[in-house]
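J.: So you can see what is in the structure, the chains are spelled out below.
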Amino acid sequence: MTVTQELGAGRAVSGVEGAVAATPPLPPAIEAEGLGWTYAGRSKPAIEGLTFRLEPGRVLLVLGPSGSGKSTLARALAGLVPHVLPGTMRGRLVVGDLDVSRTPARLLGERIGLVFQDPDSQLVMSRVDDEVAFGLENRGWPLDVMRRRVLEALGQVGLAGFEARSTKTLSGGEKQRLAIADVLAAGPGLLILDEPTANLDPPGMHSTFEQLGELARRRDHTIVLIEHRLEAALPLVDDVLLIDDAGRQLAFSPAEEVGRGAIKLLERSGAWLPRAWQGAGAGAQHVATRQGSGQAGAMAVTAESVRVDYPRDESGLHVALKGVSLSVASGERVALVGPNGAGKSSLLFALAGLIRPATGRVAVRVGGSGTEGSGLVPRNCGVTAPSAGGGEMRDPARLPAREIARAIGLVFQDPELGFVATTARDEVAATVRALGSVRGGEDAKGCPDPAAAADEVLDHFGLGGLAGEDPFRLSQGEQRRLSLAALALRPPAVLLLDEPTFGLDRRGTDAVLDLLDDLRNAGQAQVLATHDPRLLPACDRVVALDRGRLVFDGPVDAFLAAPPYEPAEPWREGASTVASGAAAASASAPRVGRA
Amino acid sequence: MSLLPAPLQAVRPTFLTRTAPVARLVAGAAWLIASIVTLDPAVPARLILAAVVVLVLWSGLPLRRVPARLAPLGFAIASLTIFSILLSSTNGDRTMTTLIEVGPVRITWPAVSAGLSIGLRVLVIALTTLLVFGPSDPTRMADSLVQQWHLPDRFAYGTLAALGVAPFMASDWTTIGAARRLRGLAPGGPVGRIRAAGGMLVVMLVAAIRRAERMALAMDARGFDCGLRRTHFRPVHTTWRDLLTVGVALGVAVAAIVLPR
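Chains as they are written, first to last, in our numbering: chain A, 1 to 595; chain B, 1001 to 1261.
What the hints contain is simulated information worked out from the structure, not anything from laboratory work.
Please note that the accuracy of each hint is not assured.
To be verified - Heads up, incomplete: computed chain A residues facing chain B, CB under 7 Å, no partners named:
1. 52
2. 106
3. 125
4. 130
5. 474
6. 502
What the hints assert, rightly or not - Output of the computed footprint for chain B on chain A, the stretches with three or more beta carbons under 8 Å from beta carbons of chain B:
7. 342 to 355
8. 411 to 420
Glycine included, every Cβ here is placed at the ideal spot set by N, Cα and C.
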């Protein structure tokens, strides 16, 4: 078929009412033949030599480590590569009867829908029905057809009755289901989802997967899913495509027939693996066998009946924290969990003294046990570990700059927002340069210059060759490690972390947890806010928040056995995994989490 | 955790919420022009009176939250007025009537009159902005600009998308500042603060550009500006309400200027 003929066909679909109403009877097959793509300005291809055929109506899960080109494949299937993004394409990609590289993007859009990771940067309009209609308006659909399709699409994702709601008032899961409705409205045969639940809390993830399962069962769409939450994704999936870290295909087969060799290769590439595969060729994954330290020293940070208010225009006074009490000891790692809006970030900010509680108080230990023995500080720096439990408890909001950096560190979900320098070396040396290299204002006696110390730290964090690089140009995993390396020359006694493994593959997650283990073993207190149940077994304790209140503070196993939420189901996914994992695990790894 | 307040929007349907946004834009422009054509403080004072009447009766805005919203402006208005009065050149003119004379400071009636006029103008701008943008959400404004004034889609809806991500810039700014304080890099003194703000701005802009790129890609994936003629899910038509709004606003603007004191 020529391009002009396809153009005509596309017009008919968008213009004639009858043709629009029904989803095409048979969703398209995908045929890739030696598919490769190199972004303009890069020497290495993002994907290379992908060759597979996905039959109509089947669900494909794409597995691979960070940087394996999974998102590039999603963009290629949607025609953004090569029509919107610059670069060089090789091979052939056919969706249904359309050769993607030779079909105008506007035709592809009606046949192929793409849902992105971040709900907040893909919703354009402020009202739900306007949002769904946006893609239809762009393609010139008539008003009466739009009105009908908007209602149908919202119904398909369980958002019937939400038409007049403001998109800002939706939960994360609702936003992501709305994004799915946005692309479903145009009636595409192929639906591509690029990590649709990565930004969601457990209830949001649960509801999104329920909806996806519903769509998959109907077989009206061919679906391509890129997802790190493998245990939730795998039950929906027919076929899997395995890609290695260079964007090359390792295997394409039905999910239950993946060969041991391919699984081994995928594991070696650093990707997350579904738990079911770990017996078949892959060993138990490192992160899953981590445990809490089981030891705790003196209190490092305490919060007593902390109440934090935010003025909010929509609902009058909005209470962010309602009397939360918490204490974390040095050498202890506490997981902070809860749905979005439960107050996790507010609690982290309050513990760091960045927001003042309206009532209650926060205190951190200053000048007491530190983390100098961690091996992260160059030994010739003349720093000695003080006796544990010394020092005094002070209000972090009142600490002067030179003491706060020693007392408290905070690693943000987006590491870029924390960068202060233009090279990785300066990033690590920044605090020491500003405040001197030894704690408490002592002289920097016998200490190498900050740049040399920074190089040593970068080596330790696996960033040795990147000392002169701009932090903004590093990969996601490298940025994450750099944000921890930046704290190494003056390790804080308390480290607060907001989703420290967000977007990382298994290898990246392990690297971050290794570094955190070193710091914790040296006596650092850690509070780790996360939605990822895979991290819980690596913590000593779980603190759970719900709508600004502390609803649980206790051992990890107790939390997973009876999550303090209603409904508890989304939170239990971790629990059942731990239970069945423990049954299968060897004696050396008694607490196997989901992996 | 955004600390930026959401824009004040109508909470109940009223006369103004049923008008087309561009009609309110024209009406508002008439008042703004009227408030700056003379230095007589009576003109902005009359427009403020009219604006308050419209605000209470026909805007649909949650009135209890209006004073809090305007409070930050109070400082700006007060300082503008006071400095305009103190620094007015007429204070040195001995032919003008003296109001107060304390040592070297002399204030004349014309200085007070001009100062008040400048301060009141700011209040006119603030109230008019509420009446123009408050009765319907920004999407309606974009729809109206595209359908009635034929502004390019890319401009109108692109701006709309940018408005949607603006609150994230505010929370990014908070985060960037927090990161620097905790690393012991909180700047001391005004010079240090300004230099640090420059570095923070670079980081915030990088984050904003990344966000904008993601948004643009998502819009492209949904066929935005793909070359097809766009249709409208929410048609906007000019009605008698729009004509009445513009007519009355013009009438009030003229009356505010020409009415004798």
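J.: Determine for every hint whether it applies to the structure shown.
T.: Comparing the hints with the structure gives:
1. 52: 22 Å, violated
2. 106: Holds. Min distance 4 Å.
3. 125: 5 Å, holds
4. 130: 6 Å, holds
5. 474: 13 Å, violated
6. 502: Hint violated; residue 502/A Cβ to chain B Cβ min 14 Å, cut 7 Å.
7. 342 to 355: holds (count 5)
8. 411 to 420: With 7 residues close enough to chain B, the hint holds.
The structure shown violates the earlier hints numbered 1, 5 and 6.
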